[in-house]
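Residue numbers for the sequence shown follow my numbering, so the first one is 1 and each next one is one higher.
Simulated from the structure, these hints should not be mistaken for lab results. This structure is a prediction, so every number in the text was calculated from the model and none was measured. One thing to keep in mind: the hints can contain errors.
Stated by the list, open to error - Below, simulated BS3-like cross-link-like pairs (lysine-lysine); rule was C-alpha separation at most 27 Å, straight line:
#  : residue 1 : residue 2
1  : 101       : 72
2  : 97        : 132
3  : 205       : 251
4  : 144       : 36
5  : 29        : 52
6  : 238       : 248
7  : 132       : 107
8  : 72        : 97
9  : 97        : 80
10 : 4         : 205
11 : 72        : 29
12 : 196       : 271
13 : 251       : 144
14 : 36        : 103
15 : 248       : 271
16 : 205       : 144
17 : 29        : 251
18 : 164       : 101
19 : 132       : 196
20 : 29        : 4
21 : 164       : 196
22 : 248       : 4
23 : 25        : 164
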Amino acid sequence: MWFKNLHLYRLTSQFELSPEQLAEKLEEKRFYPCAKMAEESSGWVSPIHRSKEYLVHAASGCILLCMRREQKVIPPSAVKEELEEQVLAIQEAMGRKVFSKEKQSLKEDIVAKMLPRAFTRSTHIFAYIDTKNGYLVLNAGSDKIADTIYELLVESLGSFGAVKLVSEESPGHILNDWLQNGLPEGWELTGDYELKDLQDERVAKFKDNESENGVLADLIEDGYQVTKLGVRYKGQLKAMLQQDLVVKSVKFMDELLAENDDVDGEDELVKFDADFALMTRTLADFISDIISLFVVNTES
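Using the sequences provided together with the hints, build the complete structure.
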């Protein structure tokens, strides 16, 4: 449940649905396994455990959701091999060339025949709505996955007003300044950086490096811009902050996690509830600082 990636949105209006009302709306898009001839299936599942029925979990004004995505796995090599055999058979039997349009049709037929026997692969993508602070946070590894769960949420609710965080000033310029002149109070560098030459797209990566490294200053002087900056926040978490304000590789510090060590571990729900409340409280401060430091607005 601890989020590793943060795609951040701000709600455009107060979220009015109660957890019970939200769960009722999500019910129409509850997850069901892939049909025999379907390539994939997506829908809502319990964010606590697959054995649970309730589709949301609420604590401290935040509502946790989970999308399950099931995809059929058909090895491209198997499709390619079967296609080559069929093309060869046609050429030998009819003495003619098989052109690309016919190959594509053959390929589609091969995939359709393989689908019913294909293995499935499932992924779970979590999100939560912070109803007090007006945030939507998606734990997605890519923009495409973030778009998928956001679209499912919109389909489930009929409409949903949220926009990605947008900075009024170039985040890359701000990150450059942080690297050169120091970070705001409570923020520290981890030594991980990625800089890109805006002219020819060359990329320079550093890991466990010192910010005083002269190479960094030279690169910035030559026109490189920080695209990813490893940061540590108030001793609570460390992460990679990107210039598009997506946060990757989030790791909550052991000292923070230890706050719930005394929670009764025998009751799974009690521990889950405590961890969720701790995570969302920590991220609320972190997100608030991002908005403040980057002068973020919500214009689409």
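Would the hint linking residue 248 and residue 4 be met if the CA-CA limit is 27 Å?
Holds. Residue 248 to residue 4 sits at ~6 Å (cutoff 27 Å).
Run the distance test for residue 97 versus residue 132: straight-line Cα separation, threshold 27 Å.
violated (65 Å)
Hey, residue 101 versus residue 72, does the alpha-carbon distance stay inside 27 Å?
Status holds; Cα separation ~25 Å.
With a cut-off of 27 Å on the C-alpha distance, tell me whether residue 29 and residue 52 pass.
holds (16 Å)
Restraint status (C-alpha distance of residue 205 to residue 144 at most 27 Å):
holds (24 Å)
Quick one, are residue 132 and residue 107 close enough, alpha carbons at most 27 Å?
violated (51 Å)
Distance restraint between residue 72 and residue 97, which requires alpha-carbon spacing of 27 Å or less:
violated (32 Å)
Straight-line alpha-carbon gap residue 144 to residue 36, limit 27 Å:
Cα-Cα ~25 Å, so holds.
Need the status of pair residue 36, residue 103: alpha-carbon distance at most 27 Å?
holds (24 Å)
Taking only the CA atoms, is the gap from residue 29 to residue 4 under or equal to 27 Å?
Satisfied, since the Cα-Cα distance of roughly 25 Å is no more than 27 Å.
Is the straight-line distance between the alpha-carbon of residue 164 and that of residue 196 27 Å or less?
holds (23 Å)
Please verify whether residue 251 and residue 144 have alpha carbons no more than 27 Å apart.
Holds, because 22 Å separates the two Cα atoms, which is no more than 27 Å.
Checked against the numbered hints above, the structure violates hints 2, 7, 8, 12, 17, 18, 19; every other hint is satisfied.
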